[in-house]
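Listed here are the chains, written in short residue letters.
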Amino acid sequence: MREPILEIQDLSVEVSGRRILNDINLKVYEGEVHVLFGPNGSGKSSLIMAILGFPAYKVVSGKILFKGKDITGLPTDERVKMGIGVAFQNPPAIRGVKLGSVLRRLTPNEEKINDLLRKVKISSSFLERDINLGFSGGEIKKSEVLQVLAQNSDFLIFDEPDSGVDVENLRVLGTVINEALQGRSALIITHLGVILQYINANIAHVLMDGSIVCSGHPTKILGQILNEGYAWCEKCLKVRTLRCEL
Amino acid sequence: MSEGKDAALRAISKPSPFGPDLDISQYSRQPRNWEPCPISSLPEDILRRALEVGVTPEDRERAGTFFQIDHSVIYRAIQRLFEDKIEIMSAKEALEKYDWLKDYWWRIVRVDTDKYTALAELAFDQGYFIRILEDQKITLPLQACLFISTDNLNQNVHNIIVAEPGSEAQIITGCTLHHTVHRGLHVGITEFYIKHDAKITFTMIHNWARDFDARPRSGAIIDDNGVFISNFICFKPLRSLQMYPTAYCRGVDARARFNTIIYGLGNSYIDVGSKIVLQNEGCRGEIISRAIAADRAQIYARGFLEGAHSGTRAHLECRGLILSEEAAIYAVPELVAKTQGAELSHEAAVGKIAEEQVQYLMARGFSKGEAESLIIRGFMDVSIFGLPKDLEREIQRMIDITAERAL
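Quick note, the sequences are listed as chains A and B, same order. Counted the way our numbering counts, the first sequence spans residues 1 to 246. Counted the way our numbering counts, the second sequence spans residues 1 to 407.
Do not take every clue at face value.
The calculated DSS-like cross-link candidates involving lysine-lysine, where the alpha carbons are at most 30 Å apart (straight line), are [stated by the list, open to error]:
| id | chain 1 | residue 1 | chain 2 | residue 2 |
| --- | --- | --- | --- | --- |
| 1 | B | Lys195 | B | Lys368 |
| 2 | A | Lys58 | B | Lys92 |
| 3 | B | Lys389 | A | Lys112 |
| 4 | A | Lys58 | B | Lys368 |
| 5 | B | Lys352 | A | Lys81 |
| 6 | B | Lys389 | A | Lys63 |
| 7 | B | Lys199 | B | Lys389 |
| 8 | B | Lys389 | A | Lys98 |
| 9 | B | Lys368 | A | Lys67 |
| 10 | B | Lys368 | A | Lys112 |
| 11 | A | Lys98 | A | Lys119 |
| 12 | B | Lys92 | A | Lys98 |
| 13 | A | Lys220 | A | Lys235 |
| 14 | A | Lys98 | B | Lys352 |
| 15 | B | Lys92 | A | Lys69 |
| 16 | A | Lys81 | A | Lys119 |
| 17 | A | Lys121 | B | Lys92 |
| 18 | A | Lys81 | B | Lys368 |
| 19 | B | Lys368 | B | Lys352 |
Keep in mind the hints are simulated off the structure, nothing from the lab.
Make a model of the complete structure from these sequences and hints.
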């Protein structure tokens, strides 16, 4: 029987006493790519922080299993070492900490780093810059993708890899991400779904007000969202709730 | 009695406006006597301490060397290649040799500034004289070590650095002590004369002990198109350190820059500032300071920019990192514009390590301790100081050695 690489069971999370995720259930199997849609503030990034175990994101019920092991109580670094790699949407700038020094910690293989730099089309001088300090939107995305690929994780999470990126860079990033996804499992958060032009996702979920309200075929769901907005999801949710009540 | 001695006597009880007021009578004036010898023949423990403050026994790595232990000058040498380009000698020797030197003595730092300058005049214990001859570009750094080997000793040095027109040099001064020394007072007067088109990069590293006091008093005059860069590094705990060096950009297009990195540990009371006075057209100044306060350390990071002439510009950047609930950092930036054409600016930020930065690095697999250590090291990054690459590497190496232990 196939085991999911990531399994989230009835997960509810609070930040500063405020509930931000409700009874989330999600199973990602080996080799599957899942997409998470949702309006601003619906809890998409919070779900990632909860998967990573950031201390502000307090699990009030449920659990997170990774490779069959309950990781709900583990510190972030231990979860990551088990094979989770995250490309953040808005990573913090850290003065004096060079991107290169972080990358070299993730992989001591200089050849691999140079190869990744070529793939994301960025010069090696980029490695000497303070991480995320004064980076443009495109540079942040490239830096995040570089780090995640250097980590060589089994499970990849990309938080809005397509936001704030111009067409040219989007093509570069989309191609690199798609290549990285071959044979791997992933969760990709996207607001407008532009990245889906470059990658093949298996299943999509819609997160509204901290709950997964809908799951289905990625292009079909994206099409509905682009046509009718998230109002369609609310309507769909009501219909399904009514059906259940009936 | 000379005018200087007279002024010193009047100021001998005058406290400094900053830092704890020290009872200067509590320190010993009885040094151990050291005979001149090559640095390489010094005991291993002295060499090790000297190396930590950038002073190497390898003559070939330095254009020239001055080494003083307690009140004795034990070594001074110039590498053959640079013999006709620089002069290095003890301050007493230089005063005897050059009559004109009296015109450079107490001309930038006033002898009656406070009790410490007065003490340096009344109980003068050597120090060095370094002169870079006209148009000479010195490709290797010069080094000076002011070492204390006697517990509770008072060491008062007076240094003069003259960069003749068109000359260029890097000078590393390491101030440190023997591991058996716990208490004491170091007073260091340093006067820099940067003549037109000359450039001096001066790096001073202090490594003292938990009950030690240091009161450096420095000043620089920079003439037309001259450049003065001063780097100060202090990473070891000490009882108190107070200094407020001043650079006077006197000539047209003169430039001054102060870079400071302080790591306050234990009960250290550290009050370090930098002043730049822009006195002529086109003068530029920059002060960059990084202060880290751990344990119960109290750090005052001061900065003072004075625009006294139009067409001048200066910036002050002060950042502080607090690693303990009991530590404190006081950032005190001051800007004084005395004319409309002076552009002065500052930015200051003090706080603890940002949690989101730690979490971000943990999400890359670093442990919490590793993430914090990386952030602290990054905070002390010297690449922003705009130094020559060799010197930058050397300072980074010293930071790594001391940070390793501090962290």
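So, going through the hints one by one against the coordinates:
no.	hint	in the structure
1	Lys195(B) / Lys368(B)	50 Å, violated
2	Lys58(A) / Lys92(B)	69 Å, violated
3	Lys389(B) / Lys112(A)	27 Å, holds
4	Lys58(A) / Lys368(B)	18 Å, holds
5	Lys352(B) / Lys81(A)	27 Å, holds
6	Lys389(B) / Lys63(A)	51 Å, violated
7	Lys199(B) / Lys389(B)	16 Å, holds
8	Lys389(B) / Lys98(A)	17 Å, holds
9	Lys368(B) / Lys67(A)	24 Å, holds
10	Lys368(B) / Lys112(A)	26 Å, holds
11	Lys98(A) / Lys119(A)	20 Å, holds
12	Lys92(B) / Lys98(A)	47 Å, violated
13	Lys220(A) / Lys235(A)	16 Å, holds
14	Lys98(A) / Lys352(B)	20 Å, holds
15	Lys92(B) / Lys69(A)	75 Å, violated
16	Lys81(A) / Lys119(A)	25 Å, holds
17	Lys121(A) / Lys92(B)	62 Å, violated
18	Lys81(A) / Lys368(B)	13 Å, holds
19	Lys368(B) / Lys352(B)	15 Å, holds
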